[in-house]
Amino acid sequence: MTIGLQHYLVVSAALFSLGVLGLLTRRNAVNVLMSIELMLNAANVNLVAFSRHAAGNLGGQVFAVFVIVVAAAEVAVGLAIVLTLYRLRRTPNLDQADILKG
Amino acid sequence: MTAFALVFWAFAIVTVGSAAVVVLSRTLIYSAFALLGTFFGVAGLYAMLGADFLAATQLLIYVGGILVLLLFGVMLTHKIYDLDLRSETGNLAAGAIVAGGLFVILTATALRSHWSTTPRPPAPTTEAIGQLFMGTYLLPFEAASVLLLVALVGAAMIVRRRRDA
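Protein sequences, first through last, are from chains A and B. Taking this note's numbering, the leading residue of the first sequence gets 1, the next gets one more, and so forth. Taking this note's numbering, the leading residue of the second sequence gets 1, the next gets one more, and so forth.
Hints were generated in silico from the structure; no laboratory data involved.
Chain A regions said to be covered by chain B (calculated; three or more residues, Cβ under 8 Å): (1) 3-10; (2) 33-45; (3) 49-56; (4) 67-81.
For every residue, glycine included, the Cβ atom is placed at its ideal position computed from N, Cα and C.
Please take these sequences and the hints and turn them into a complete structure.
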């Protein structure tokens with residue numbers, strides 16, 4: 001059995017689904033950020049796999065680099081917000097971040 | 001089973017297994033360290049796909065940067081002496097149904113579609129990616145650099161303690 005495009009797609013689907021599961025079930029904000037990283041990594045695996053097996057050019061890899069850049073920016077801003085929230089509420093739990101609820 | 005397939009399955013198991021620990025572990029610090037395994041596994045998958053530059057970038061930025069940042073997040077949002085950094089879960093049944101359904105749909109799509117595959121022969125990619133960044137993708141490259149600058153300045157601005165508050 002040769003390893004082809006579909007093997008990578010299935011691994012990426014598993015990674016993405018686990019990210020969705022974590023995003024929906026975890027209450028801790030840092031853990032939710034980790035789940036988002038899993039989903040971004042799954043998308044990147046897809047991009048690189050298609051770049052290798054289907055597209056015949058490097059566009060997918062270039063786009064993956066941009067995704068990594070956006071992930072870095074997202075984690076920096078996300079953690080800043082989580083830290084500010086923690087300072088305000090003394091808890092990293094997202095359930096208790098209901099200040100705007102009125 | 002060839003050696004290539006064996007290495008692929010090893011990386012796939014490491015990636016998905018660590019991701020499962022990230023999502024399901026009750027202890028937050030275990031999740032953070034399991035994320036290390038996921039990032040390494042994904043870097044291995046990149047290497048197997050012939051993306052040498054991206055594999056190195058993954059290790060440098062994700063393992064060296066993002067993971068350390070997340071660990072700081074874990075440490076700063078808990079009392080360090082608090083030994084059990086528990087992370088609660090909720091909506092487990094609904095989340096499992098949504099994630100499981102998504103996995104089934106994505107896998108079915110991946111396996112049943114006919115992909116026209118024309119494999120690119122493996123070749124060093126660093127120079128070609130550099131040429132693309134300086135040529136075709138120059139504008140997105142510059143926009144990404146400005147985005148990073150703005151995001152980091154904004155992050156520093158948000159966490160700064162205000163004197164009057």
